[in-house]
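Trainee: Letter by letter, the chains look like this.
There are 2 protein chains.
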Amino acid sequence: MTPALPTAFVATLHALLGEDGWRTDDRALEAHAQDNSWRHTLPAGVAFPRDREQVVALVRACREHRIALVARGAGTGTTGAAVPMEGSIVLSFARMNRILAIQPGDRCAVVEPGVLNGDLQQALMPHGLFWPPDPSSAEICSIGGNLACNAGGPRAVKYGTSRDNVLGLVAVTGAGELITCGGPYTKDATGYDLTHLLVGSEGTLALIVEATLKLTPLPVTQAGLRVLYRDADAAAQAVSRLMAQPVVPTRLEFMDAGSLELLRRNGADVPEAGAMLLVEADGDHDTLPYLLQALAAAAEGDGLIALDVAMEGSARETLWAARKALSPALRSIAPGKINEDVVVPVSRIPALVAGVQALSAEFGLPIVTFGHAGNGNLHVNILYHPDDAGENARAHAALPRVFALTLALGGTLSGEHGIGLAKRDFMAQAFTPATLAAMRAIKGALDPEGILNPGKVLPPV
Amino acid sequence: MTPALPTAFVATLHALLGEDGWRTDDRALEAHAQDNSWRHTLPAGVAFPRDREQVVALVRACREHRIALVARGAGTGTTGAAVPMEGSIVLSFARMNRILAIQPGDRCAVVEPGVLNGDLQQALMPHGLFWPPDPSSAEICSIGGNLACNAGGPRAVKYGTSRDNVLGLVAVTGAGELITCGGPYTKDATGYDLTHLLVGSEGTLALIVEATLKLTPLPVTQAGLRVLYRDADAAAQAVSRLMAQPVVPTRLEFMDAGSLELLRRNGADVPEAGAMLLVEADGDHDTLPYLLQALAAAAEGDGLIALDVAMEGSARETLWAARKALSPALRSIAPGKINEDVVVPVSRIPALVAGVQALSAEFGLPIVTFGHAGNGNLHVNILYHPDDAGENARAHAALPRVFALTLALGGTLSGEHGIGLAKRDFMAQAFTPATLAAMRAIKGALDPEGILNPGKVLPPV
Numbered sequence: 010m011t012p013a014l015p016t017a018f019v020a021t022l023h024a025l026l027g028e029d030g031w032r033t034d035d036r037a038l039e040a041h042a043q044d045n046s047w048r049h050t051l052p053a054g055v056a057f058p059r060d061r062e063q064v065v066a067l068v069r070a071c072r073e074h075r076i077a078l079v080a081r082g083a084g085t086g087t088t089g090a091a092v093p094m095e096g097s098i099v100l101s102f103a104r105m106n107r108i109l110a111i112q113p114g115d116r117c118a119v120v121e122p123g124v125l126n127g128d129l130q131q132a133l134m135p136h137g138l139f140w141p142p143d144p145s146s147a148e149i150c151s152i153g154g155n156l157a158c159n160a161g162g163p164r165a166v167k168y169g170t171s172r173d174n175v176l177g178l179v180a181v182t183g184a185g186e187l188i189t190c191g192g193p194y195t196k197d198a199t200g201y202d203l204t205h206l207l208v209g210s211e212g213t214l215a216l217i218v219e220a221t222l223k224l225t226p227l228p229v230t231q232a233g234l235r236v237l238y239r240d241a242d243a244a245a246q247a248v249s250r251l252m253a254q255p256v257v258p259t260r261l262e263f264m265d266a267g268s269l270e271l272l273r274r275n276g277a278d279v280p281e282a283g284a285m286l287l288v289e290a291d292g293d294h295d296t297l298p299y300l301l302q303a304l305a306a307a308a309e310g311d312g313l314i315a316l317d318v319a320m321e322g323s324a325r326e327t328l329w330a331a332r333k334a335l336s337p338a339l340r341s342i343a344p345g346k347i348n349e350d351v352v353v354p355v356s357r358i359p360a361l362v363a364g365v366q367a368l369s370a371e372f373g374l375p376i377v378t379f380g381h382a383g384n385g386n387l388h389v390n391i392l393y394h395p396d397d398a399g400e401n402a403r404a405h406a407a408l409p410r411v412f413a414l415t416l417a418l419g420g421t422l423s424g425e426h427g428i429g430l431a432k433r434d435f436m437a438q439a440f441t442p443a444t445l446a447a448m449r450a451i452k453g454a455l456d457p458e459g460i461l462n463p464g465k466v467l468p469p470v
Numbered sequence: 010m011t012p013a014l015p016t017a018f019v020a021t022l023h024a025l026l027g028e029d030g031w032r033t034d035d036r037a038l039e040a041h042a043q044d045n046s047w048r049h050t051l052p053a054g055v056a057f058p059r060d061r062e063q064v065v066a067l068v069r070a071c072r073e074h075r076i077a078l079v080a081r082g083a084g085t086g087t088t089g090a091a092v093p094m095e096g097s098i099v100l101s102f103a104r105m106n107r108i109l110a111i112q113p114g115d116r117c118a119v120v121e122p123g124v125l126n127g128d129l130q131q132a133l134m135p136h137g138l139f140w141p142p143d144p145s146s147a148e149i150c151s152i153g154g155n156l157a158c159n160a161g162g163p164r165a166v167k168y169g170t171s172r173d174n175v176l177g178l179v180a181v182t183g184a185g186e187l188i189t190c191g192g193p194y195t196k197d198a199t200g201y202d203l204t205h206l207l208v209g210s211e212g213t214l215a216l217i218v219e220a221t222l223k224l225t226p227l228p229v230t231q232a233g234l235r236v237l238y239r240d241a242d243a244a245a246q247a248v249s250r251l252m253a254q255p256v257v258p259t260r261l262e263f264m265d266a267g268s269l270e271l272l273r274r275n276g277a278d279v280p281e282a283g284a285m286l287l288v289e290a291d292g293d294h295d296t297l298p299y300l301l302q303a304l305a306a307a308a309e310g311d312g313l314i315a316l317d318v319a320m321e322g323s324a325r326e327t328l329w330a331a332r333k334a335l336s337p338a339l340r341s342i343a344p345g346k347i348n349e350d351v352v353v354p355v356s357r358i359p360a361l362v363a364g365v366q367a368l369s370a371e372f373g374l375p376i377v378t379f380g381h382a383g384n385g386n387l388h389v390n391i392l393y394h395p396d397d398a399g400e401n402a403r404a405h406a407a408l409p410r411v412f413a414l415t416l417a418l419g420g421t422l423s424g425e426h427g428i429g430l431a432k433r434d435f436m437a438q439a440f441t442p443a444t445l446a447a448m449r450a451i452k453g454a455l456d457p458e459g460i461l462n463p464g465k466v467l468p469p470v
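Protein sequence lines correspond, in order, to chains A and B.
Every letter in the first sequence is one number past the one before it in the numbering used here, and letter 53, counting from 1, is 62.
Every letter in the second sequence is one number past the one before it in the numbering used here, and letter 359, counting from 1, is 368.
Here chain A stands alone, though its shape is the one from the complex (with noise of 0.2 Å):
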């Protein structure tokens, strides 16, 4: 049985927050027990602060009570990080949801963190601008979700992630203190840079409740080529290639013969391959076909195929739309996915995809890989029937091998998901103790008490 609250800090919170801005009924617990994850576990109450001095009140009468906090923003993590513990409350930023400027002649845009990605982007569009981060979720996330851990999407490989894209934060440290750093300028030599700390640290730092985001002026226009290679190596070596050129590409995609036979599988027209990469670049009318030209060159060499250019209209579309349903249409392979988004240096991604598909014949198991081959950043999706004890039991143990492979490699655990509670006992393999130990150091100096999403991101002492 969870412990109830104690009775001074309900108290608190109801004054604070009035009727609607604290819930412990359980259709709210419900609503905010599980994240994109499956993991679940009620929390004892669920907040809904109006502001940032809502949000300090809150955080101090959390230290007061040693009430632990979970941040969420909507709920859209693949990583449990917004799941929340036992007897912890949720802080929901649902209704911290204004976009409180748009300043196009500074390229950025002030938002609240229950601002959602899409909202955002719709309203860019007007001043020809975008937010580059875009998850698969980007719709339906929030700003503050792809902040805490440091979102990324294809067009990272030309825009980079989250954290490349914010220029300054308000946030609430674990002390209950109201901090800010950075603001509406692109350049910045003055103290300590806690903006690119707390984006990524899931809500185990500070909160945040406004962040000034750097915007992009939106191309004219976009263009594709889709490659087929022999195999997976050859589509890796090419993929070395063309991040060696000064061209970057928009989106970098790779797709390996099980995504393919899974594309085929479901009506799309994608002929037999090894392995396939959709290229994309960004630009003008005058200045893309050398782009695209440039890309192609890069793109041909050993092992090719066939390589196709798709323009702007229905032929890119159909491209992009069987590469968005690849990740749900691998249910149709078997009910069971762990999906986790390593990354490794991109001249080692021809091992990684070598190396997961020795695991795949090791462990019995169908191993689908595809992603953002330009960052090195791939998701690999291992498949198996939960039902089934021996296919759930090689699934996890494959997993530690995946992650040990990937680091074996030189690269890291995520490039985009976060750690959260699925990658959280990894992390002793990925850091030295005194690494870890820097960031538990860190986290004592803004957490003191550790009431911000505890047993999160860093692993148990």
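It should be emphasised that the hints constitute simulated quantities derived from the structure, not laboratory data.
As the structure is a computational prediction, the values presented were derived from the model and not from experiment.
Ideal Cβ positions, reconstructed from N, Cα and C, are used throughout, including at glycine.
One should not assume that every hint holds.
Said to hold, decoys possible - Derived pair list, reagent style EDC-like, types lysine to aspartate or glutamate, alpha-carbon separation capped at 20 Å: (1) LYS346/A <-> GLU326/A; (2) LYS167/B <-> ASP143/B; (3) LYS223/A <-> GLU270/A; (4) LYS167/A <-> ASP293/B; (5) LYS223/B <-> ASP173/A; (6) LYS223/A <-> ASP173/B; (7) LYS167/B <-> ASP293/A; (8) LYS333/A <-> ASP173/A; (9) LYS223/A <-> GLU371/A; (10) LYS333/B <-> ASP173/B; (11) LYS333/A <-> GLU270/A; (12) LYS167/B <-> GLU148/A; (13) LYS346/B <-> ASP293/B; (14) LYS167/A <-> ASP173/B; (15) LYS346/B <-> GLU400/B; (16) LYS167/A <-> ASP293/A.
To be verified - Stretch-level coverage of chain A by chain B, calculated; a stretch enters the list once three of its residues show a Cβ under 8 Å from a Cβ in chain B: (17) 109-122; (18) 418-428; (19) 460-466.
Model the placement of chain B on the given structure of chain A, informed by the hints.
Mentor: Same frame as chain A, but now just chain B:
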């Protein structure tokens, strides 16, 4: 008199570093007593470690004996960050100057901190790559110093500053622990971002002993525009227009009327105008004309006097030589110069320039403003005769007003020089007490005894 170093400490350093690795002779002390801020304090000794193990041992010895340790690259900084304090020792990275790896396929290089920026660029050239940070001291400054101060330069408008161009670090904290963060990959959502935190921390949190740098392919060609305007306001408006369209210039430099007068006085062929922009783009031979066209279209507008295209070659070189000569040429007006590198939102450049001109009139001193307008990062030079007591007093009274103006416009103290001693006492105007307290807490977490470069960056409590 400086107190003598403890005998046991000196014995440890002798045993660790050998005769030539630990020096206390006058010549060594004098050579490490100042940086480019002209502050001067003799250290108690200078250590020249050869590898990270020696750095670890050195920091541990300093920690044990509570000796302050000031890390030093090439001493080209302008804020006093590398200037020792009484009784401290200097750690020179001059002997840790190896390029450990260049990995063109991963677009990265692994270097020790003592490698000179210029030497790295030379080594990268055969690979068709470069490292973007280009401070004006690029030929002779060290990568470690660039990272410690988050150095920038004109190219930052397109390619970012040092912080934007580092993928991973190995560093020794003030606790004497070796930590490793990031690596040869471009996407990372794995634990706390210590990498970007250490960049710009000026040797106060940890000492960088190895850096994995993000490289960029060298563009095929470059070309520039010289644009003259009626006044600073018209030029500043053009900066906003230039930054609001999709073609990002490689460099976008602003020069006010005082700068132009100075150029003419030194024989440069610059027509009469109220302000000038140098705008540059890079690309290949096919696309560059279109990029220049887009930039020229954005540069045009109210107040434009003349727009000249200077393609690759001598015309372009002459332009940039004139820009580079500006800083030393200031001495022809007055021997004393306070040079600050404030940052404002791009849209506030007109207000900054006007405000600085008002301060020039109020204090009766020439103030010349030029710099990296695309980032809102302008160098404000207050000129005076140091031997004239009145001018000296007025110059130092004008400085806080420049910072107050910058902060009132939503800007910050430094874009690329850093804080060091020079701007330390203005930090309390730039940040709230709670934000400074958070920075101090992080300092305490990574450097518990406060031995790393004490008294720099953060003002005394």
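Trainee: Report the numbers of all earlier hints that the structure fails to satisfy, in ascending order.
Mentor: 1, 3, 8, 9, 10, 12, 13, 19
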